[in-house]
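Please construct the entire structure, taking both the sequences and the accompanying hints into account.
2 protein chains.
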Amino acid sequence: MSAPAYLTQHQNRFLEELMDWLRIPSVSADAAFHGDVLRAADFLKEKLEAAGAANVELCATAGNPIVYGEYFVGEDKPTVLVYGHYDVQPADPYELWTSPPFEPVIKDEQIYARGACDDKGQVYMHVKALEVMRAQGEVPCNLKFMVEGEEEIGSNNLAIFVKENKEKLKADVILISDTGILANDVPSIEVGLRGLSYHEVEVTGPNRDLHSGLYGGAVLNPINALCRMIASLHDENYHITIPGFYDQVATLGEAERAELAQAPFSESGFEQSIGLPAAVGEAGYTTPERTSIRPTLDVNGIWGGYIGEGAKTVIPSKAFAKISMRLVPNQTSEQITALFQQHFTSIAPAGVTVQVRPHHGGEPVLTPTDSVAYRAAARALETTFGKKPVPTRGGGSIPIVAMFKSELGLDTVLLGFGLDSDAIHSPNEHFGVFNFLKGIETIPEFYKEYAAS
Amino acid sequence: MSAPAYLTQHQNRFLEELMDWLRIPSVSADAAFHGDVLRAADFLKEKLEAAGAANVELCATAGNPIVYGEYFVGEDKPTVLVYGHYDVQPADPYELWTSPPFEPVIKDEQIYARGACDDKGQVYMHVKALEVMRAQGEVPCNLKFMVEGEEEIGSNNLAIFVKENKEKLKADVILISDTGILANDVPSIEVGLRGLSYHEVEVTGPNRDLHSGLYGGAVLNPINALCRMIASLHDENYHITIPGFYDQVATLGEAERAELAQAPFSESGFEQSIGLPAAVGEAGYTTPERTSIRPTLDVNGIWGGYIGEGAKTVIPSKAFAKISMRLVPNQTSEQITALFQQHFTSIAPAGVTVQVRPHHGGEPVLTPTDSVAYRAAARALETTFGKKPVPTRGGGSIPIVAMFKSELGLDTVLLGFGLDSDAIHSPNEHFGVFNFLKGIETIPEFYKEYAAS
Numbered sequence: 001m002s003a004p005a006y007l008t009q010h011q012n013r014f015l016e017e018l019m020d021w022l023r024i025p026s027v028s029a030d031a032a033f034h035g036d037v038l039r040a041a042d043f044l045k046e047k048l049e050a051a052g053a054a055n056v057e058l059c060a061t062a063g064n065p066i067v068y069g070e071y072f073v074g075e076d077k078p079t080v081l082v083y084g085h086y087d088v089q090p091a092d093p094y095e096l097w098t099s100p101p102f103e104p105v106i107k108d109e110q111i112y113a114r115g116a117c118d119d120k121g122q123v124y125m126h127v128k129a130l131e132v133m134r135a136q137g138e139v140p141c142n143l144k145f146m147v148e149g150e151e152e153i154g155s156n157n158l159a160i161f162v163k164e165n166k167e168k169l170k171a172d173v174i175l176i177s178d179t180g181i182l183a184n185d186v187p188s189i190e191v192g193l194r195g196l197s198y199h200e201v202e203v204t205g206p207n208r209d210l211h212s213g214l215y216g217g218a219v220l221n222p223i224n225a226l227c228r229m230i231a232s233l234h235d236e237n238y239h240i241t242i243p244g245f246y247d248q249v250a251t252l253g254e255a256e257r258a259e260l261a262q263a264p265f266s267e268s269g270f271e272q273s274i275g276l277p278a279a280v281g282e283a284g285y286t287t288p289e290r291t292s293i294r295p296t297l298d299v300n301g302i303w304g305g306y307i308g309e310g311a312k313t314v315i316p317s318k319a320f321a322k323i324s325m326r327l328v329p330n331q332t333s334e335q336i337t338a339l340f341q342q343h344f345t346s347i348a349p350a351g352v353t354v355q356v357r358p359h360h361g362g363e364p365v366l367t368p369t370d371s372v373a374y375r376a377a378a379r380a381l382e383t384t385f386g387k388k389p390v391p392t393r394g395g396g397s398i399p400i401v402a403m404f405k406s407e408l409g410l411d412t413v414l415l416g417f418g419l420d421s422d423a424i425h426s427p428n429e430h431f432g433v434f435n436f437l438k439g440i441e442t443i444p445e446f447y448k449e450y451a452a453s
Numbered sequence: 001m002s003a004p005a006y007l008t009q010h011q012n013r014f015l016e017e018l019m020d021w022l023r024i025p026s027v028s029a030d031a032a033f034h035g036d037v038l039r040a041a042d043f044l045k046e047k048l049e050a051a052g053a054a055n056v057e058l059c060a061t062a063g064n065p066i067v068y069g070e071y072f073v074g075e076d077k078p079t080v081l082v083y084g085h086y087d088v089q090p091a092d093p094y095e096l097w098t099s100p101p102f103e104p105v106i107k108d109e110q111i112y113a114r115g116a117c118d119d120k121g122q123v124y125m126h127v128k129a130l131e132v133m134r135a136q137g138e139v140p141c142n143l144k145f146m147v148e149g150e151e152e153i154g155s156n157n158l159a160i161f162v163k164e165n166k167e168k169l170k171a172d173v174i175l176i177s178d179t180g181i182l183a184n185d186v187p188s189i190e191v192g193l194r195g196l197s198y199h200e201v202e203v204t205g206p207n208r209d210l211h212s213g214l215y216g217g218a219v220l221n222p223i224n225a226l227c228r229m230i231a232s233l234h235d236e237n238y239h240i241t242i243p244g245f246y247d248q249v250a251t252l253g254e255a256e257r258a259e260l261a262q263a264p265f266s267e268s269g270f271e272q273s274i275g276l277p278a279a280v281g282e283a284g285y286t287t288p289e290r291t292s293i294r295p296t297l298d299v300n301g302i303w304g305g306y307i308g309e310g311a312k313t314v315i316p317s318k319a320f321a322k323i324s325m326r327l328v329p330n331q332t333s334e335q336i337t338a339l340f341q342q343h344f345t346s347i348a349p350a351g352v353t354v355q356v357r358p359h360h361g362g363e364p365v366l367t368p369t370d371s372v373a374y375r376a377a378a379r380a381l382e383t384t385f386g387k388k389p390v391p392t393r394g395g396g397s398i399p400i401v402a403m404f405k406s407e408l409g410l411d412t413v414l415l416g417f418g419l420d421s422d423a424i425h426s427p428n429e430h431f432g433v434f435n436f437l438k439g440i441e442t443i444p445e446f447y448k449e450y451a452a453s
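Protein sequence lines, in the order shown, are assigned to chains A and B.
Sequential numbering from 1 applies to the first sequence in the UniProt record's numbering.
Sequential numbering from 1 applies to the second sequence in the UniProt record's numbering.
FYI, nobody ran anything at the bench for these hints, they're computed from the structure.
Please note that the accuracy of each hint is not assured.
Unchecked claim - Only part of the chain A face toward chain B is listed, based on derived beta-carbon distances under 7 angstroms:
#, residue
1, 231
2, 278
3, 351
4, 396
To be verified - Restraint ranges, calculated between C-beta atoms of paired labels, are given here:
#, chain 1, residue 1, chain 2, residue 2, range
5, B, 34, A, 165, 28 to 38 angstroms
6, A, 246, B, 246, 52 to 62 angstroms
7, B, 387, A, 93, 28 to 38 angstroms
8, B, 349, A, 42, 42 to 52 angstroms
9, A, 257, B, 268, 36 to 46 angstroms
10, A, 246, B, 265, 32 to 42 angstroms
11, A, 93, B, 358, 24 to 34 angstroms
12, A, 246, B, 283, 33 to 43 angstroms
13, B, 358, A, 107, 57 to 67 angstroms
Just so it is clear, CB atoms sit at the ideal spot from N, CA and C, and this is done for glycine as well.
And the structure:
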């Protein structure tokens, strides 16, 4: 039976298995879910073994285990290292989900659940692609699977694991499905990713909460101070004001910008899809450019004072924010993290003190479009979509891509099947059944093309 | 036996009774405590009856009941209406209390508990003063007690109660102990209070939380927008920038400012008492002026995005803040509330929408220093402290003082015994045993002086 036929015959089971995995709330950012994270790793180990992978193991780390497995076909075949992650983002705010985040349902041909697209659904395409290939009796490449449980919190232990297991991880290329395509009728391959510099800041005023009547006017309110500091990080054109922030930014020539502009994009469609009155960003750049080739600074969370029911007239002792920057070539997270810490501390007004605590960082990457692997991926997508894919630059970050290059000397192919509208990191995350199945169909084509080149 | 002797003999019981009351967490701002609020009202009713008050009742309102009671001595005597409140501020953040907020303890001659000073401790001085006077066989004035349970959330139902019970509340003057003295060796009487305009603001960007990588740069982050809007409410001199905000502010002449400057004040002592690097405020005014004769704008709470453990790379759909302004004569809360709503809505940048929801307001007041009641209070303090009290203007708000004047035509005497350092509205609120007992000793002196004038 042909691969598509086998896939059609078994697709319901494939979906059931994925939904079983999605029921496990493997939230890595919150220690309360630690047991679930481990259960999610066990689940994957079992399914990799069932699909025929060998030497499947849970590799212990200082944090969550890395699920590793292999499928060897021959010395003469190229080896592909498949990377993904089984941890998911926190699901809150829960009340905005139309169905519970960890009770997956299929509605309108979409699988709704936290992790449906990012990244359990896309990892599971690879597990099932192996099953399909074995059912066909043809696995064209040697495969190695490395699926971590800390991608959403910075992959620190993965970096250590990779450093310590270079021989085990020897391969010719890395394959990752953790990105997307432009549309289900517009296949594309991401060739660029932004880096990340993430910080928690703490502004301290008085040594205790104060009555805003008795003290108001004579004490700089740390919330007001924090707001003033954050506001000063952008100018009126939404340029970032941190000195030196743009120094390393690679500016694209008109030709490159024109090429990127080829990708179909509707400004009004973009605004409508997220209910925005207007898309707003850095002056002088288009919306696709603002989300790909330009760095950003966003407050991901802020809190301070009384946030309960009703009114409390308090001047709080402290105010906090989580602030992250997306980086582009040739910025480095180390350099931007240092610039941010130095600058944010320096702009603290008299009357408050400031602490900046960096979280994880990640490096921006550009992957080559002239490599054997990229061309194999392009041909695979053309086969399954009937259309040549366009190269795109994504706004997200997969910090380990740069780490794989530096530690293993390997390039990465980003063969992702999600859509921007999948609401990853948001309430009601979902993944198209079409996209899940198309991924399972396309991945074997990639191996075929790659082995043949 | 003399009044001081009786007080000395019974002071331990008086303290025990107060601590029993403080054990009831009568937090009016949080519906979760509604049952406790009612228990606190019952407790007071019982103690007023025990002290000898007549016609003690719980007057139902649309919200929490008002405890009312009377003590009648004769048509020929003046009538004093004693006002206070039995509700307390929320106690969070609980973790900053050195002992639990609703398990009162006496340490270093201080009673530690939420409400110890604001206002249960000061209300209870009046209950015990009645007991002491009756033990002496001399109550110089007719007394009416009106103690509400919604002062910390705006006293809306008290205003309705007063409108509907003008005959019942007929009196010659209003006596309130909900303020403080400058120091235990510097008796003072507050003659001015600031008003209040309190708002909750909501800034909405995209219709759902977004991935800060996929969307960052092309979407105005509502937290960044809120910070920019809040920052713009003050200029570099900490003047408030809302158009028309200062138009009605009564500016004091040099003579008046010089008189206020008489009150002993130590800038360094002020800074040290709250662990401030530096007291910061509106240019051109001293710290005591900034907290009394000048209006303010403070953010009392702010929240948005991910505030949990770890990192989440999200652009939230919404950001919120609670913003309040302290008002001075001749501002009105109605006018400032309208100005704030209009202005804050008008400064919303393109890309977000803004909602402003006013909470309660209150009017600033100045009470006369040449009235019979003020002079009686001054003589009473001079008798018990051995020192003439100084008139001061406080920064807090007791909105109902202006309401009593407009509805009942009555002036108020603010005979309070707290200290700024009592940490009301903060963790570790406390009230000096000295202050509690001195209040019980001074209140009968006030009635004696007032009846004699």
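To see whether the hints hold, each was checked on the structure:
no.: 1; hint: 231; verdict: 4 angstroms, holds
no.: 2; hint: 278; verdict: 5 angstroms, holds
no.: 3; hint: 351; verdict: 4 angstroms, holds
no.: 4; hint: 396; verdict: 3 angstroms, holds
no.: 5; hint: 34(B) with 165(A): 28 to 38 angstroms; verdict: 60 angstroms, violated
no.: 6; hint: 246(A) with 246(B): 52 to 62 angstroms; verdict: 40 angstroms, violated
no.: 7; hint: 387(B) with 93(A): 28 to 38 angstroms; verdict: 57 angstroms, violated
no.: 8; hint: 349(B) with 42(A): 42 to 52 angstroms; verdict: 49 angstroms, holds
no.: 9; hint: 257(A) with 268(B): 36 to 46 angstroms; verdict: 59 angstroms, violated
no.: 10; hint: 246(A) with 265(B): 32 to 42 angstroms; verdict: 49 angstroms, violated
no.: 11; hint: 93(A) with 358(B): 24 to 34 angstroms; verdict: 25 angstroms, holds
no.: 12; hint: 246(A) with 283(B): 33 to 43 angstroms; verdict: 34 angstroms, holds
no.: 13; hint: 358(B) with 107(A): 57 to 67 angstroms; verdict: 40 angstroms, violated
The structure shown violates the earlier hints numbered 5, 6, 7, 9, 10 and 13.
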